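Trainee: Top to bottom, those sequences are chains A, B and C. Going by UniProt numbering, the first sequence opens with residue 1, and the numbers climb by one from there. Going by UniProt numbering, the second sequence opens with residue 1, and the numbers climb by one from there. Going by UniProt numbering, the third sequence opens with residue 1, and the numbers climb by one from there.
The hints are simulated quantities; they were obtained by calculation from the structure and are not laboratory data. Wrong hints could be hidden among the right ones.
[Stated by the list, open to error] Listed below are the simulated EDC-like cross-link pairs for lysine to aspartate or glutamate, each with C-alpha atoms no more than 20 Å apart in a straight line: (1) K227(C) x E253(C); (2) K182(C) x D78(C); (3) K220(A) x D310(B); (4) K213(A) x E343(B); (5) K220(A) x D168(B); (6) K22(C) x E74(C); (7) K22(C) x D78(C); (8) K92(C) x D148(C); (9) K245(C) x D106(C); (10) K312(B) x D154(A); (11) K92(C) x E252(C); (12) K213(A) x D340(B); (13) K47(C) x E141(C); (14) K129(C) x E253(C); (15) K152(C) x D106(C).
[To be verified] Reference listing, derived: stretches of chain C covered by chain B, where coverage requires no fewer than 3 residues with Cβ under 8 Å from a Cβ of chain B: (16) 83-91; (17) 99-109; (18) 242-252.
Keep in mind that this is a model prediction, so the values were computed, not measured. Even for Gly, the Cβ is constructed at its ideal location relative to N, Cα and C.
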Amino acid sequence: MTHLSSSRFKVPSLRKSADSEYLATILILLAVWIFLVVISVINRSDFLSKATFSAVTFNMCIIGILAIGQGFVVISGGILDLSITVSMLITSFMIVVFYDRGWNTPLLIIVSILCAGVFGLFNSILVVWLRINPLIVTLATGFAGGGVLLIVFDRGLVDPKSSIADFGTSHLFGFPTAWWPMALLTIGAHFFFKYSRFGRHFLAVGGNPLSSKAMGISLKQMRVATFVGASIIGGIAGIVFAGFTPEIRPNAGTYYMLPVIAAVVLAGFSLAGGRGSFLALFVSVGFLSTIPTALVFFGLESIWQTFIQGFILIIAVSIDAYRIVKVKGR
Amino acid sequence: MSKNLTQLASHDHKMTSVEKMKKSLSGPGGTIVLGLAIIIGTSALWVGKMTFTSFNVYLILSYLAIPLIIGIFASFSLLAGVVDLSIGAMVALSAVIFAFCCINGINEWISALIAILICLGFGAINGVAIVVFGANPIAATLGSLVGLRGLARIISNNAPATGSSSTDAIPLMVTGLNDFTESQVSFMPVLFIIALALVFVTQGIISMTRGGRHIRAVGGDITAARRAGLPTERIKFLSLLASSFGASIGGILYVGKLGSAPVTLGTNMEFTIYAALMIGGYSILRGGVGNPMGGFLGILIIAVFANLVDNKGLDIRAADIFVGFLLLVIVYLDIRRGGDAFE
Amino acid sequence: MGTADHRDSNAKTLLTPAIEAKNISHSFGAVQALVSANISVSAGEVKAIVGDNGAGKSTLLKVLSGLVIPDKGEIFIDGKSISFSSPVDALKSGIQTVYQDLALIDTMSATQNVFVGREQLSSNWILGKLGVVNDRHMHQEAIKALSDLGIKIPSLNATVRSMSGGQRQCLAIARAMLFGHKVIILDEPTAALGVHESAQVLSVVDQLRSKGLAILIVSHNMQHVFKITDSITVMRLGASVASRKTNETSPEEIVGLITGAISG
Ligand SMILES: Nc1ncnc2c1ncn2[C@@H]1O[C@H](COP(=O)(O)OP(=O)(O)O)[C@@H](O)[C@H]1O
Ligand SMILES: [Mg+2]
Numbered sequence: 001m002t003h004l005s006s007s008r009f010k011v012p013s014l015r016k017s018a019d020s021e022y023l024a025t026i027l028i029l030l031a032v033w034i035f036l037v038v039i040s041v042i043n044r045s046d047f048l049s050k051a052t053f054s055a056v057t058f059n060m061c062i063i064g065i066l067a068i069g070q071g072f073v074v075i076s077g078g079i080l081d082l083s084i085t086v087s088m089l090i091t092s093f094m095i096v097v098f099y100d101r102g103w104n105t106p107l108l109i110i111v112s113i114l115c116a117g118v119f120g121l122f123n124s125i126l127v128v129w130l131r132i133n134p135l136i137v138t139l140a141t142g143f144a145g146g147g148v149l150l151i152v153f154d155r156g157l158v159d160p161k162s163s164i165a166d167f168g169t170s171h172l173f174g175f176p177t178a179w180w181p182m183a184l185l186t187i188g189a190h191f192f193f194k195y196s197r198f199g200r201h202f203l204a205v206g207g208n209p210l211s212s213k214a215m216g217i218s219l220k221q222m223r224v225a226t227f228v229g230a231s232i233i234g235g236i237a238g239i240v241f242a243g244f245t246p247e248i249r250p251n252a253g254t255y256y257m258l259p260v261i262a263a264v265v266l267a268g269f270s271l272a273g274g275r276g277s278f279l280a281l282f283v284s285v286g287f288l289s290t291i292p293t294a295l296v297f298f299g300l301e302s303i304w305q306t307f308i309q310g311f312i313l314i315i316a317v318s319i320d321a322y323r324i325v326k327v328k329g330r
Numbered sequence: 001m002s003k004n005l006t007q008l009a010s011h012d013h014k015m016t017s018v019e020k021m022k023k024s025l026s027g028p029g030g031t032i033v034l035g036l037a038i039i040i041g042t043s044a045l046w047v048g049k050m051t052f053t054s055f056n057v058y059l060i061l062s063y064l065a066i067p068l069i070i071g072i073f074a075s076f077s078l079l080a081g082v083v084d085l086s087i088g089a090m091v092a093l094s095a096v097i098f099a100f101c102c103i104n105g106i107n108e109w110i111s112a113l114i115a116i117l118i119c120l121g122f123g124a125i126n127g128v129a130i131v132v133f134g135a136n137p138i139a140a141t142l143g144s145l146v147g148l149r150g151l152a153r154i155i156s157n158n159a160p161a162t163g164s165s166s167t168d169a170i171p172l173m174v175t176g177l178n179d180f181t182e183s184q185v186s187f188m189p190v191l192f193i194i195a196l197a198l199v200f201v202t203q204g205i206i207s208m209t210r211g212g213r214h215i216r217a218v219g220g221d222i223t224a225a226r227r228a229g230l231p232t233e234r235i236k237f238l239s240l241l242a243s244s245f246g247a248s249i250g251g252i253l254y255v256g257k258l259g260s261a262p263v264t265l266g267t268n269m270e271f272t273i274y275a276a277l278m279i280g281g282y283s284i285l286r287g288g289v290g291n292p293m294g295g296f297l298g299i300l301i302i303a304v305f306a307n308l309v310d311n312k313g314l315d316i317r318a319a320d321i322f323v324g325f326l327l328l329v330i331v332y333l334d335i336r337r338g339g340d341a342f343e
Numbered sequence: 001m002g003t004a005d006h007r008d009s010n011a012k013t014l015l016t017p018a019i020e021a022k023n024i025s026h027s028f029g030a031v032q033a034l035v036s037a038n039i040s041v042s043a044g045e046v047k048a049i050v051g052d053n054g055a056g057k058s059t060l061l062k063v064l065s066g067l068v069i070p071d072k073g074e075i076f077i078d079g080k081s082i083s084f085s086s087p088v089d090a091l092k093s094g095i096q097t098v099y100q101d102l103a104l105i106d107t108m109s110a111t112q113n114v115f116v117g118r119e120q121l122s123s124n125w126i127l128g129k130l131g132v133v134n135d136r137h138m139h140q141e142a143i144k145a146l147s148d149l150g151i152k153i154p155s156l157n158a159t160v161r162s163m164s165g166g167q168r169q170c171l172a173i174a175r176a177m178l179f180g181h182k183v184i185i186l187d188e189p190t191a192a193l194g195v196h197e198s199a200q201v202l203s204v205v206d207q208l209r210s211k212g213l214a215i216l217i218v219s220h221n222m223q224h225v226f227k228i229t230d231s232i233t234v235m236r237l238g239a240s241v242a243s244r245k246t247n248e249t250s251p252e253e254i255v256g257l258i259t260g261a262i263s264g
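Make a model of the complete structure from these sequences and hints.
Mentor: Following this line, the structure appears as structure tokens:
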């Protein structure tokens, strides 16, 4: 029957491959980013400077890593992890705690990231065994986690002579050292989802959980892996955060939550799961991280940044939704 | 109306009133009432008699009145199946615009009108993105949340300095409005009485009127509602305007109450209000469920707990731990009763 | 099968069809879903549309219910040309469709579902103006409609989420009957049902016919088709390739027409 049906196609099906779709997103984001840089340079030629470069790359460090964690959850069909900044802060605070006890650096890094992992495990238990929707679970644990952090740790002071602080303030190959974990994670995530079997499973579960289950992928295992993985990535952000934040406050997360989700959505990740590119995410993080500096060069106070970021997000999701509707021909 | 319902029910099942009570107590209503009883009981045991002094009751009611007004309006969009995350930012924006206009010598009523209209304008932008372009409500209103908070700060920074050097708030004492927000009838704040009246009116609209039915239908199943010939787009759009309207009113009232318009006003308020509404039986994941009475009880539970925390001199953020925990318990119980489970 | 006594269709063929669609063509992007398809059904007639998956049956029904605006073709109601620009137009012309997904709102009660979009307002002048609905009256009408069709549903006040597949299907049909005064369109009404529930739905369809409604029904189940219908239209690759009186054909012929082994 299929060969008969296909005779009714007026033109051969030209279904775009996922890759070319992502490429289009990347190119558009790159174009917008370059446009922003170009008009900033035309406006003030000293925009292209070491100071700008350093400001932008520092901006990218935290938002970039958290966005990778968030993108991981979104692409795997976990909707959103609204508690990812809690994972970050758990690690940052634990670093301070363990450092004060005189632990050596590698050990305290590993253990404090694991603490974030345990938090992620808790999330995933609620999702998998109590079957509560992840958006509600992470809303609740984000709330409760923030409250616990505030009660347990008033604030954390990072010793400026520690190797963690060194890492946060030094440079490597022209970039801030703290920029590299984000870059490496981006490349890692890209290859993981593109080429590894495990990565494919995440994509499958995100795209269509029921048929993935029918194909023998354990949804439970994948959900646990998703939320533990996201929390561990959040924990890596926590190390970087501890690196360049002399005084860590329990409410520091609220500043990052929204730009991170904005970056993921702007990069074309479908909140329904199964679709997204980590290279596009890198570009989107870079673009969003350039806005504050560019604004300063335009003589606007940096407070304009959130206003503009917000409306870029609305426009981006509207265009994206409109495109999907048109393709479907609804 | 309740007589009507009784007769309808008796058409189907000859239920005794005891049976009916059992049934409604095993439903979401029962969980909420139980939750409320537990939290009031805890407060009575832990804080003691003070819980029930009229001054303490006044404190609780006064604390929840404005969030209740905001929440009731926001519940329209939840019911229609669109989450509006921008309400907290909209509260701040409305407050800042109102204060900014007043400080610049504009009449208070006109200032309030300007604030409301601008918020409705941004509500309409949400509506266009979500309804016309089909954007994901969470993503789009998150954009508004970020953007409007930024805008509130921009306006606040450009307000003429009046004595206080901080740019984080526009100080403004509108005497009439302040008196209004502080006035009370015995132990009941007038604002609370108004909010409660609003709850009852909204309850009537939702359960008894055609418009209410249509909102629930759109939230329950938009395809089915469309096929029944309902103007689904218009209903969603209007519900988003309703939530912006409630937030803008809330912002103005806060200025009256606080005597200033802090830019951080309403930070995280969207999450607290939606958590409270979810505790009260609404859902941010699907529309068509929940009712204003439940929403009121949900907000009351959180207010009583916040009061408990306050009376014990604990950090107010401890209330967040409770909110998070209670949210999980309530949603889990709902799933056990056949609510939407994840996968 | 095939010997039911209700088929005195000679008289009916003389009538103008209640609804008729001529030369309907429609494409979804590159897919041509309908190629000059024709269909007609008269009052008191039950007509089946059969065909392989993707033959265009659902699309043709959507054209008749105003959900899809066809690229080409004409629609007539009682012989008068008409064009639908939205489902509301079709509803106004007395055409009611029961979609495959039933279009019931899970979170609402059976009564509320029956009347969604057509709620009756309170007869009290003020309450009516305020948009207050008359639940009691709607409830009674729903009970009447359901008992008319011999449908038993334990509680009309429970949310439809808790109802069985057959009950949901019957409820959707009852709703269509209550508001469709001309044509009822059913898309695979028995596809998801067991034997017992299917029999219930078929008897409801029989009731509708005796009320003088025109009924279009898509089904893959030959047994059901031959048990209930007066005539059959076969679709293949977007075109209506043959029409037969049910009592003048056989399941073998119809299957042959569907697969293309026999050419219409
Ligand atoms: N909304 C749509 N968008 C694109 N193609 C569609 C759409 N609806 C139907 N089609 C295509 O039109 C053809 C006919 O579909 P349909 O009418 O559903 O067939 P049937 O109900 O007979 O199985 C199929 O090839 C189907 O893929
Ligand atoms: Mg079909």
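Trainee: Now look at each hint and say whether the structure bears it out.
Mentor: Status of each hint after checking the structure:
no., hint, verdict
1, K227(C) x E253(C), "holds (16 Å)"
2, K182(C) x D78(C), "holds (10 Å)"
3, K220(A) x D310(B), "violated (40 Å)"
4, K213(A) x E343(B), "holds (10 Å)"
5, K220(A) x D168(B), "violated (46 Å)"
6, K22(C) x E74(C), "holds (5 Å)"
7, K22(C) x D78(C), "holds (14 Å)"
8, K92(C) x D148(C), "violated (23 Å)"
9, K245(C) x D106(C), "violated (39 Å)"
10, K312(B) x D154(A), "holds (19 Å)"
11, K92(C) x E252(C), "violated (39 Å)"
12, K213(A) x D340(B), "holds (19 Å)"
13, K47(C) x E141(C), "violated (28 Å)"
14, K129(C) x E253(C), "violated (59 Å)"
15, K152(C) x D106(C), "holds (19 Å)"
16, 83-91, "holds (count 3)"
17, 99-109, "holds (count 9)"
18, 242-252, "violated (count 0)"
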